[in-house]
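Chains as they are written, first to last, in the numbering used here: chain R, 1 to 279; chain P, 1 to 407.
If you're looking for bench data, these hints aren't it; they were derived computationally from the structure.
Beta carbons are placed, not taken as given, at the ideal position from N, Cα and C, and that holds for glycine.
Keep in mind that a hint or two might mislead.
[What the hints assert, rightly or not] What follows is a set of in silico ranges between Cβ atoms, one per label pair, in the way DEER data are often shown:
1. P:F347 / R:Q31: 37 to 43 Å
2. P:L272 / R:I251: 48 to 54 Å
3. P:D55 / R:G161: 56 to 62 Å
4. R:A243 / P:F347: 47 to 53 Å
5. P:Q294 / R:I251: 42 to 48 Å
[What the hints assert, rightly or not] Only some residues are given here: those of chain R computed to face chain P with a beta carbon under 7 Å:
6. N106
7. L107
8. L115
9. G116
10. M129
11. V132
12. E135
13. R136
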Amino acid sequence: MTTPDPERTDAGARTPLLELHGISKRFGAVQALTDVRFDVFPAEVVALVGDNGAGKSTLIKVISGIHRPDSGSIRWRGREVTLTTPNDSTALGIATVYQDLALCDNLDVVGNLYLGRELARPGGPLGVMDEVAMERRAVEVLRRLSVKIPSVRIPIASLSGGQRQSVAVARSVMGNNQVVLLDEPTAALGMAQTHEVLELIKRLREQGLGVVLISHNFANVYAVADRITVLRLGRWVGTYDAAVTSREQLIAFMTGAVPGTAEPPAVSEGVIGHPVEGK
Amino acid sequence: MSSTLEHDPRVIAERSGLGGVLAEYRRRLRQGDIGPLPVLVGLVVIWTIFQIAADGRFITPFNLVNLTLQMAAGGMISVGLVLVLLLGEIDLSAGVVSGLCAAIMAVLNINVGLPGPVAVGLALLAGAAVGTLQGAWSTGFGIPSFVVTLAGLIAWQGAMLQVLGRTGTINLGDPFIISLAGRFLSGPAAYVCLALFVAYVAIGPVVTQRRRAAGGLTVPPLAFLVIRAILVSAFATAAVVALDADRGISSGLLFLIVAVIVVDFVLRRVRLGRMIYAIGGNAEAARRAGIPVQRVRILVFTLASTFAALGGILGASRGYAVNQSAGQGPVLLNAIAAAVIGGVSLFGGRGTVWGALLGTIVIQSISNGMDLLSLSSSIKFMITGGVLITTVTIDAVLRRSRSTGAR
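The whole structure should be built from the sequences, with the hints applied where relevant.
Encoded structure:
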């Protein structure tokens, strides 16, 4: 771990927030996932990498409840759960920020942060919204995450790409979410904006959230990730400590040039990489 | 809020105080976020032209009262259409539904002999049922609302002819129905209405400001609120004085203003309103956020057809009759034009119901003025079309400058 956590040394006491084992998913003739495992602990960033078609998106959709796996088990804080609909995963505290952000351009920042869960004024008739409470909490959350936007009352349409991404990420922590899935959060951003979003991801970790980052960009992965899970052709290759695994090793795992933890020969003889799964 | 958030150096700081409000307004104008200003300017131009062309017969208490009478029916249909347009949908059947419901009311009252209020209530229910059916059909089968309501436009027209039967025209005499659009509030009653309106316009924002201040949020300067309230109140007072110099405030106008205030409140302050804007802005995002998109759509179509029914009833009340031409062509087109002139986007998510009221005033002023000048309907149609395309073009050009000339 790049950030040793006193709690974490006590292996017995620590349970992952989210733990997947033996996940398989088949679409017609395509075996999208085969016996995949994945876990994320509180206050850590796990990157999910792999070439196109490796199964990253399918795995994310399994976690967010869009696809139901054909086999395998999902544990939430050590407890076995079934995720049948997106609502199941939302109810547990798993938030997904998709690449398209799913923001309403015509609504202001407060409106987007509270989309679908607007606060009603206590005792107010017919669901009259409590704009003051929503704005206060919105400002609070944005300040806590150091998100820089000119005003929480301007429409999303007039924000930059990085600011929009930040608002989308901030929305994912509005509820009592504990795991945030970020699908290519920096794909369309410039350098400064990418930096902003990466800083935001680090702050999510500081807040104790488990962050799952899907990215093609190794620089970003290494900038924030504690562990890196590699998928290839729908199979789990291995999970590696970002601090001691080089970019070349990662590419070798992704392309299959070097067998990973999950594949023979066993990693003890494979020399490369430091598997940290099952910690 | 900028003061409470860390500052991005690229962001121009919002100045506080009245100067800040003015600076912010100028910035928005430059960016093409123009609000109701062009429509107001256009209205002044239109009124000036007609006042000169009609030798001073346009801006008179008598004619202004006529204008308010003409506005009520179409304005009510526009209010309903705004809701549908905000979703990014369209209701092409609104015009004929207004005619159908007026016909239902007339037949129930005159031919069947039901009391006026019952006939009106059943006609409104019929409107709601039509809207629910169209909304459910469109969302349930995934057919664009354009197609479903186009079918409705044709089918409900047939239904109206069927309801009216062979006579074709039904004259109304029921005192309740006649009084819906045709009663006047004058003298003290008119000024009580004015006082209520001014109180709503002036006190509402101040209460909001207090609540924000109590919650530790930034507030617009009081001077700004006072100036805005004074301006709006001055216009309202001038209007009431002018109307009261003739017959007074017509009940139709009163219904329309109340409808606008209620719908505006729902859109801005109630969760349902936020959902409507969200669906119009990004339906997929709204769905993922857990908003019941289909239910909201069906509800909005129901409301729109109910407002259309109300418009048709007001129109019949004012004309003392329902005939086969009720709710035909121009009724729908004028209602859509009014909303669009008032800044409601056809692509959903943008616009206000106050804008639609302004648009209604524009459309009806043109119609009224050209009647004063005794222009033929051929000329009227061409000019109305010209005004519509001019307004939308101005909006489109300014919008383009907004998207390119952003911060």
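Here is what the structure says about each hint:
| no. | hint | verdict |
| --- | --- | --- |
| 1 | P:F347 / R:Q31: 37 to 43 Å | holds (42 Å) |
| 2 | P:L272 / R:I251: 48 to 54 Å | holds (52 Å) |
| 3 | P:D55 / R:G161: 56 to 62 Å | holds (58 Å) |
| 4 | R:A243 / P:F347: 47 to 53 Å | holds (49 Å) |
| 5 | P:Q294 / R:I251: 42 to 48 Å | holds (46 Å) |
| 6 | N106 | holds (4 Å) |
| 7 | L107 | holds (6 Å) |
| 8 | L115 | holds (4 Å) |
| 9 | G116 | holds (3 Å) |
| 10 | M129 | holds (6 Å) |
| 11 | V132 | holds (4 Å) |
| 12 | E135 | holds (6 Å) |
| 13 | R136 | holds (6 Å) |
Every hint from the earlier list agrees with this structure, and none is contradicted.
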